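Undergrad: Each of the two chains sits in its own frame; use the hints to bring them together as a complex.
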Amino acid sequence: MAEATSGAGVSESRARWKYLDNILHRPGPFTDEEWTPGEPQIETLSRAKILVIGAGGLGCEILKNLALSGFKDIHVIDMDTIDVSNLNRQFLFRHADVGKYKAEVAARFVEKRVKGVKITPYCGKIQDKDEEYYMQFALIVCGLDSIEARRWINATVVGMVDMQNPDSMKPLVDGGTEGLKGQARVIFPTMTSCIECQLDMHAPRAAVPLCTLATIPRQPQHCIEWAHIIAWEEERKDITLDSDDPEHITWLYQKALKRAQEFNIPGVTYSMTQGVVKNIIPAIASTNAIIAASCCNEVFKILTNTNPFLGYPGTDNYMMYTGDESIYTYTFEHMRKPDCPVCSEENLARPLQVDANSTLQEFLDGLAERPESQLKKPSIRSEEKSLYYQFPPDLEQQTRPNLMKKLSELLSDGEEVAITDPAFPLQFKYKLVFKKG
Amino acid sequence: MATDIPPPVQGPTAKERKYDRQLRLWGATGQMALENSHILLINSGPGVVGVETLKNLVLPGVGHFTIQDSAIVSEADLGVNFFLEEEHLGGYRAEHTCNLLKELNPDVEGHFVTEPIEAFIDEPDALQPYTLILVTAPIRPEILTILSEHASNALVPLFYIHSVGFYSHFSIHLPPAFPIVDTHPDPETTTRDIRLLKPWPELLQFARAKTEGLDTMDADDHGHIPYIALLLYFLEKWKEEHEGQPPLNYKEKTAFREMVAKAARSLEGGEENFDEAVAAVLKSLNDPEPSSAVKGLFKEPECLLVKQDSPAFWVIAHAVALFYQKHGVLPLPGSVPDMKARSKDYIELQNIYKAKARKDMAEVLESVRFLERTTMRETPIEERDVETFCKNAAHIKLVRGRPFHVVQAGEKVQWGDRAKSLAQSLAFPDSLLPLYIAFLAFDEFVATHNKNALGGAPKMPGEDHVEVDTEKVAGIAFKILTDLIAEGNTPLEEEDFSTVETKLGEYVKELVRAGGAELHNISAFTGGLVSQEVIKIITEQYIPVDNTCIFDGVRSKTAVIQV
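Residue numbers (the UniProt record's numbering), protein chains in the order written: chain A, 1 to 437; chain B, 1 to 563.
The shape of chain B in the complex, shown without the other chains (with noise of 0.2 Å):
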């Protein structure tokens, strides 16, 4: 048996063993981003959402951490934060949870901070090291004004977060140019390019080469011939027939599917690969045009006009769009999906497909090298950038960040040109816009109203008086509904406008119900949401939030809106 033990392999490092079901998901790549970034809490009120949005990120390894919090700790907190113990009654909140976290994970370096949020943010390039920013409501608006000028300016990504009773909400404030190129699109509902409408040379020799002779082939071979060959074949076939066209709408796609199928030999069991072309006929023979969105991008005036400092992503996309008008195609992905093939065809079949995207990708790459020239580029774009540009071309994903809303006191909350969308959905029977509303009413609410004469923290509603502060906040509410109307310029139905009334009422009711309490469930799956929105910026892999998102624990509902 000794002489049976193969030799040692590099086996995976502590660290790819530890991380590996997320390694899974993110990649190396991901995981990268994730340890070089510094994440800043701003923490308030109960503090629970922000405390568990981090425990979600220390665990796969976020590189830094700082929670800022003057609160101290008191006996309510225990009943609500995982991260505090009874002997850290009276000591800061922020030092106890940040010590509680870093112990989940030993490569997390966690910070704090427990000087009040208004002297902390008065320090000159107090946020200048974190790379996002998570801040929790209750908050005044005059420190959520200067960190939303923050993300503006320093292009950091901002959450703005509630988690108030049943009842939860995070916008995201990201740059105005946010691309994601790596968007992770679902293999089981996205198509795959094949070019079966548009083949090259090189395939279509490959399939001629597979099924001549395909009436006296013998049987094995028969029920070997990748489907890409035998698709190619019989639209030849069909070309023939119908003028050189190939079958273009649903009536002549099932007559063409009929033609596949009934060339298969009657076997017991039938032919797998013969089911295999019959299935793929309506999901594949289609134009490989690309998505609208895809289009859109090339008209983004960052795409349109290349500058010395312009992004990588949108030289490539210049590049990518300099292909598309010439060839009429995006470029090549070059992966085939499995199918019943001998090894050696399929592997043929697989370099042909390989072969062409990379001729796809040299041609992009000779573009983007010439952009370079021409703009005077300092630092040339690597090559495996344009590479996974091409090959994820057809599902790359922009995002336009944009500030949300900060309600100042006693002045109208402004919708601009969203107005008149969101004024249309309000009447939709599972729109999730009245409890977003009734959220800024609670921030009206907290921006006028303090815990003591002096100026001391800002108070929630229903902290003592449920009736007289529901009243005040249902006030606030309906007045931000009619103006929203208004502006939107579009009317409701009396009927409608009644039952959104009736609406915004309940939820206004339930949230003052709260009194600003946290409950750890709510705060938990919102820690949740947030989390995975934050891995999802950072490493700029799958699709955020754009721009804002609504739970309702009561009905267990999600909603997300562009505000």
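If we strip away everything but chain A, and leave its shape as in the complex, we get (with noise of 0.2 Å):
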């Protein structure tokens, strides 16, 4: 300790990174032959703008394990406000910080705890942010809850990429958990397989038909979605759901409760509404460690190349985790696909058999649950005219009519449609092919 304190600047400063030197200043068996261990390595860590995207379950862990890595200059980006249910894992706020903003509070708490790290706060949307903003950055590592998020940054690093310019390729470090499953993948965008690429890899859950809801409920979920969808908008339609209203929810219960009654079906909880309506998915502080942990690890390689990381072109890119029988990961390199609709480059139509007979209306609907898809407010048009259009109003007016008619009115077989959605800075081309018979 002595020595620390007394001794000269720089081994001063690097006393507390004693462990981390060691791997920082030694080469292994698996480094590279042209890596020079030492100083290169802790002026990366000291230089690279790392951007945290998410300050939640997996947004605390990451803050703090780049923190703890060496990395100095941090931004986070987080648009929401802690709520108590937060506390059994965001390990950087407490009680007293209910209702504050996220990325603010998590950034001062780790530069307090971990001397000389700058963690600089954004407390609002990613999609408020051009690429100007992204192209700061060395690397961003994603911790997010929300599909769209996530397709959203992946779209616009992909879109970033300027094959003049090596700077313009952002590696984009995602991990994401439900229970005790999780995955944490490695982009390197238009070298490897992107999110838009893996999309299939996280189908959404089939909704429940709006007739079951309406006329044969079976679950109490049934009832639930019932007060939630069908009452709520029949007798207080002039209040806005809050789903963070505990009125608001007391009153979907009660309401489903009473359903339930009429038609026997037992198990309709306050919690089990709660879960319905907000679509919680469980999360604990468990599998956050291990998936952030993970994230960050590959971060740490891909900057100080220390080891082989995830995600180098034609190796390993997607780790998936499994919890709840013993501890199954499964490691391995997802590939590319040619007709991704964001990182191929001829932005192939993809192949898709439609029903003639089904409409417009029918054919959008399909397209939310479709896994590759998942796209909640398209607008299309074919080669020849605009199909349905969401905006602007007199557009939409204009071609409302058309959701009614049959596929085989509008379009001939075989002809590629093209579909955009607000949430995606993207174009979806799709080969409608009739099915025969």
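Note that these hints are calculated values from the structure, not bench results.
Here the structure is a predicted model, which means the values were calculated and not measured.
The beta-carbon is built from N, C-alpha and C at its ideal position, and this holds for glycine as well.
Take these hints with a grain of salt, some might be off.
Said to hold, decoys possible - Coverage of chain A stretches by chain B, computed from C-beta distances (three or more under 8 Å per stretch; other residues unrestricted): (1) 22 to 30; (2) 58 to 69; (3) 81 to 89; (4) 215 to 227; (5) 257 to 270; (6) 312 to 324.
TA: Written out as structure tokens, the structure reads:
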């Protein structure tokens, strides 16, 4: 200790990085022959600007891990405020912080705990920022709970790649968890499989048909969905439903309970009502710790080259994790999709079999549930004309009658359509082939 | 509007709100078990992995934790441990990590012990208060031996953890019989036992009533027959044409499926209930035969011979085994998948399954009561436990805990009955067993090296002399490898052997490179894994690692092996 405080400038500041320096100063059996240990790596760690998207369960862990990996310049984006149900895992927040912005509180906490790290918070949406903003970072780490936000940032970083400028290629490291399961993946935009290529690994749950909710409920969840979608609309349509308002949840719970009693369906509880209405996914500290650490381990390796990393083209880029039955991980290379609407150069139209007799409305509804599209507000045009546009209002009104028409009335067999959705900066192309028979 | 406001209901408590996201996994009983536990961490080395583990246990609300650690906070701690601050320099690491962990959750009680492990463990009953013990490397083999014996005698789960550079490992020493009833089988991959091939009279009667006049039924009725009734109806028809036999093999099942599909009326959009029936044929037309694991359970000595003080689990297992002997099936779990049906019909069907499950449960309960009387058991087994057992019978899991390796200086590492299968697995391309061997060699080095001549803290390889230590550890590792191959009596092909040798050499090199350092990411990862396993063991839910897990942070791969 005496040595640490009285030593020369450099050794003084490195005393706390004694453990990390063993790795930074020594080559290993898997480091590249060209790799230079020591100073250049320390330099990289202190200069590299890292962006963390999300300051929730994964984000808290990621910020801690990056700070203790020696990174000095970290930015974090999150639009959410702290809720009491975050406290069982989001360990940078205390009870007194409930209601404050996550990004702000998390940044201050880690800065205070780990001396020498600068964390710049932004309390808002990722969509508020433009390419110029994202261009300043060496790498982006995502700890998000929304597929939509992931797809947006993925399309953005892929769109930023300029073949003439190697700095425009921003590695994207992404983590996700659900209960005791999760995944960590690394994307080198345009070089490896991207989040859009991997979309079908996260298929949406099929929605319960409206007629089941309206006429033949069988499960407690059906009664809750009925209260949520139908009863609220009928009885309280002037009040905007706020799933964080206990009075609103209580109202839905009682409606659902009453309906369940009418049909002799057991099992409606307050907690289930909350779970269904807010689409709550179970979340715990341990899974977040595992996935966030895996992401940060890859970030550290990518930027310091202290060991091989996931995502190097032609090698593994995806680690899948399951913890409910023993511990199981599967690490593999997810391959690029040649017809990926985001990262494929040609943006080929994907062939899609459709029923010529189905209406345009039915086709568009189906796009929300198809694992590889998952579009909620699609606008569609054919080679010839606009078929349906959500915006602007007059175009919407003009194209609305098409929704009731059959596909065969609007399109010829094998015709290409282009679909856009305001949530994503990209275009989907499909070649619609009519089913035979 | 005022009249529209509903009367107040009992909303969730403050605790339920805070723990909402985890209660959806392990429920109130799991939470209660967590809150009644007391975890001891015996900390050493850079000391991060144990603290990261505790973080993930304090957050969900473990009852108590205690940190034993005699280290003094140094500058190096601040670069790797999140639960220490500059002002703690020179203080006790146990005290300050404990205090900062306690800040995470006011419901948790934290304690610390700063006396050296040798003195701490020497006190009588020192380990008595703890329900689970975590110990991190480096640790002297004498101490680890004492802990291992305590785990065996007191039936207290013991974890032994390494986190070194990019690699980590942990082994779990569980009690010799560790059964789990609530295993949470994945509803998407496990098939539900709905007894289509062994229906009981009430179910058949329901199916007949719902399918009566099938061909002339009006469209709405036809489209709302629950698929279970449809399948039972068509099974009867099939059996009439096949000498009373149901479709048995794949070919017959496909033909049967065809028969069901053809009976659907051709309407626009098809008939959903028929689609469901068709989709269920291959999955559900199976004999509800228990898995070999469950049948194996019935043959375990504790199950065969129930005594006065047998744990409740074995008494119920014996009663369920009797049920299986008599009926050839396990008690019915009683749940029915959701399906297209009218509300009334579905509820009726649900009640038929529930009633049958209750009847089966009552029979098992009667056997349990009989066993209690004949063994003169003092406290009766709770009915609720019998019910849970019956519901989960098909997925019950028994883990046979055993001590892990404690490497003693100069003694051969023994692999016992696992030697053969482990030696055979060495040549598998993805095997992480060589990494485990490298950790054993690391331990032998630690057992024979001290930080100073007076026998201070154990010294880890690579702290000062990377090359010399690499050679030493590699020498030890190669010996463990050849001993394993000899003990398992499964010589490897020359080519395979040299591949394994190279791999082992690389693992040793990378391990010694770290010089005993922990990388925060690897310790956070491992702390996540260990805390998850602790939670599974304390709540007796989900299936824990049996018994060793290895993580390779260079290639981002894990493996679980039995040693």
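Undergrad: Compare the structure with each hint and give your call.
TA: So, going through the hints one by one against the coordinates:
1. Using a Cβ-Cβ cut-off of 8 Å, 7 residues of the segment 22 to 30 of chain A lie near chain B, which meets the minimum of three, so the contact claim holds.
2. Check result for the segment 58 to 69 of chain A against chain B: holds, 5 residues qualifying (beta carbon to beta carbon below 8 Å, three or more required).
3. Closer than 8 Å: that is the beta-carbon criterion, and the segment 81 to 89 of chain A has 5 residues meeting it against chain B, so the requirement of 3 holds.
4. With a cut-off of 8 Å between beta carbons, the segment 215 to 227 of chain A has 4 residues touching chain B; three or more are needed, and the interface restraint holds.
5. Only residues whose C-beta sits within less than 8 Å of a C-beta in chain B count toward coverage, and the segment 257 to 270 of chain A has 4 of them, enough to reach three; the restraint holds.
6. With 4 residues bearing a CB less than 8 Å from a CB of chain B, the segment 312 to 324 of chain A meets the requirement of three and the coverage assertion stands.
Comparing the model with each numbered hint stated earlier shows that all of them hold.
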